[in-house]
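These protein sequences, in sequence, are chains D and W.
Numbering follows the working numbering, with no gaps: position 39 of the first sequence is 39.
Numbering follows the working numbering, with no gaps: position 125 of the second sequence is 125.
It is possible that some hints are incorrect.
The list makes no distinction among identical chains, and a pair is therefore deemed to hold if it is satisfied within one copy or across any two copies.
Claimed, not checked - In the DSSO-like style, the derived pairs of lysine-lysine whose C-alpha atoms are separated by at most 27 Å in a straight line are:
1. 231 - 151
2. 188 - 282
3. 294 - 231
4. 30 - 294
5. 187 - 282
6. 344 - 188
7. 341 - 187
8. 187 - 294
9. 62 - 341
10. 282 - 294
11. 62 - 343
12. 90 - 343
13. 30 - 231
Hints in this document: simulated from the structure, not taken from any laboratory.
Protein chains: 2
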Amino acid sequence: MQNTPSFTVAIVGATGAVGQELLQLLHQRKFPMATLRLFASARSAGKVVECAGTRYTVEEAKPGVFGDVDVAFFAAGGSVTRALAPDAVKAGCLVIDKSSALRMQPDVPLVIPEINPEQLRTHRGIIANPNCSTAVTLMGLWPLHQAFGLKRYFAATYQSVSGTGAEAVRELDAQVHALVNAQPVVKKVYPYQIAFNCIPQVDTFGSDGYTGEENKMMLESRKIMGLPNLKVSTTCVRVPVVRAHSIAVNAEFERPVSVEAARKAIAEFPGAELVDDQAGRKYPTPLDFSRQVKCGVGRIRIDTAFDNGLAFWVSGDNLWKGAALNALQNAELMAREGLLKPKKKAAA
Amino acid sequence: MQNTPSFTVAIVGATGAVGQELLQLLHQRKFPMATLRLFASARSAGKVVECAGTRYTVEEAKPGVFGDVDVAFFAAGGSVTRALAPDAVKAGCLVIDKSSALRMQPDVPLVIPEINPEQLRTHRGIIANPNCSTAVTLMGLWPLHQAFGLKRYFAATYQSVSGTGAEAVRELDAQVHALVNAQPVVKKVYPYQIAFNCIPQVDTFGSDGYTGEENKMMLESRKIMGLPNLKVSTTCVRVPVVRAHSIAVNAEFERPVSVEAARKAIAEFPGAELVDDQAGRKYPTPLDFSRQVKCGVGRIRIDTAFDNGLAFWVSGDNLWKGAALNALQNAELMAREGLLKPKKKAAA
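Using the sequences plus the hints, can you model the full thing?
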């Protein structure tokens, strides 16, 4: 990125699970930063965080701090976005938001850069990032939609505890240790034991019996792919996996499908890695696709219950493509295309 | 069962995971046994097994041992069934088989007693029991089929390691202990680490890209429910759960559906327990439905991707309703209805 100017970058929610991944990815992927500022709640302010040999002192996230910031990654919850994003936008700072607060607002682009990058040009100061399960699912669905024309899909998710946050990772770990040592299991984050169990609830229930997560998968799929009438039905389930979500998908298409053409579409799509060799027992697993830029797609087969359908399996890192990485990829693309400009000229 | 005669009972494969469950269930449910004989491979012969205060010496399973046996539960693999079941039948012994070897043979009834008990009358010496995922899924699907007329279903499974056998339970346990103690993980039973991971392969792959388990769910669903043209597409996945399988189902029906009528149908069905209270965050989990006679059904909702569909979640014990319990329930019903008669008169 020799010709890209350098930016003053902020992470809001820098001490959380997604914030920590962003911090590492910004360094790892060499985002052109002149300055990086870490913000979190008053409780975490003053804490020192080290990354790539640099020590950062966490500042309190509050109105008025975004004056010199070019791009702020919001990696906290929806309430923080609602409270602080308008202030950042007013200060001329681009907000790239991980939360679900503004995703479905018509004037907020919801972008996966491999799918609808043109939407980045329409922003009014805020770019939203999709829900983790949606992002991973679409890494398989979008190339197949382009090849065959998507009509409808069913999905069941296998979601890791890191999607709930760092405290859920600690809860799974503590429960496993308790069970290994014949101690009582403590439940705080989840209403049921998650170690050696599955919990068919992610997010709260809506009046239609679907959870918030399941409704997000439907609504965000429609918005990102530009298919307002797409039929979607999903079941979202928490499983005792630390990192990376997996999704079993049955999808119906407009045009005739073939496994060969589907594999080609997946293999050529920048967001996906084809891992699909039955003889060699090769398919993606969440463990193999933790901390991977691409999502793994496999188990591709002609669906036996659709006239024109495909079934497949996808695994992808919920903290990366499902959150921090997608946000950063949006910023990278905007910087490359001159859609993100520094307020101050970088020192030569 | 005061008026039921007493039987000479055998378990073939008595030292395996399903055999051990059968041994316990036969005592727990007070099956009218005059004698119980335990058979296993030559390797296990001579081993002493205790249950309910009785000590049993394991005998070698081989031709010629079924002379005095009234009913033999085959709880070993398909090869043992193929090798020994014909000999047992010739000796006038009823074979109740857990393996998949004979399930799809037209002259072998494949029976879940809550669904197609009338098929028990058609046997020629062998009753087959369904695959574990099929049995648990149908505990939710069958009552809904009776209420609304099933046309098609999609399912994704969350299968416990005990479905693979006792050695897989030990493998999960050993991997968890290794990880907790920062030791290297050893893989023998599964091609990938199963601790904190999901493996989207149960059984071997067929030429259509579906696994044996997935094809069993389709073919056995059709045979048991008497719906030869039923459309089915499933994805079977192993998860790090010790016991009980769960299944996320999307089902399409002939007649108009309602959540209220669906809940009523489930609640009234003897094989299912309705656990479906969103406000109270109540739904089945595999942990709650381990060692339960009934399978738990919840998360019932109008499906958003079918015109006339329901989505639901079911958890049930793969070693019980998915194997040993269903086999025993078949024998209990046959004994009650006089379809199973002892060769010898019981001593008064």
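Hint by hint, here is what the structure shows:
no.: 1; hint: 231 - 151; in the structure: both (7 Å within a copy, 18 Å between copies)
no.: 2; hint: 188 - 282; in the structure: between (37 Å within a copy, 16 Å between copies)
no.: 3; hint: 294 - 231; in the structure: within (26 Å within a copy, 33 Å between copies)
no.: 4; hint: 30 - 294; in the structure: within (18 Å within a copy, 56 Å between copies)
no.: 5; hint: 187 - 282; in the structure: between (36 Å within a copy, 15 Å between copies)
no.: 6; hint: 344 - 188; in the structure: neither (46 Å within a copy, 59 Å between copies)
no.: 7; hint: 341 - 187; in the structure: neither (47 Å within a copy, 51 Å between copies)
no.: 8; hint: 187 - 294; in the structure: between (33 Å within a copy, 26 Å between copies)
no.: 9; hint: 62 - 341; in the structure: within (23 Å within a copy, 81 Å between copies)
no.: 10; hint: 282 - 294; in the structure: within (16 Å within a copy, 36 Å between copies)
no.: 11; hint: 62 - 343; in the structure: within (20 Å within a copy, 85 Å between copies)
no.: 12; hint: 90 - 343; in the structure: within (13 Å within a copy, 90 Å between copies)
no.: 13; hint: 30 - 231; in the structure: neither (40 Å within a copy, 51 Å between copies)
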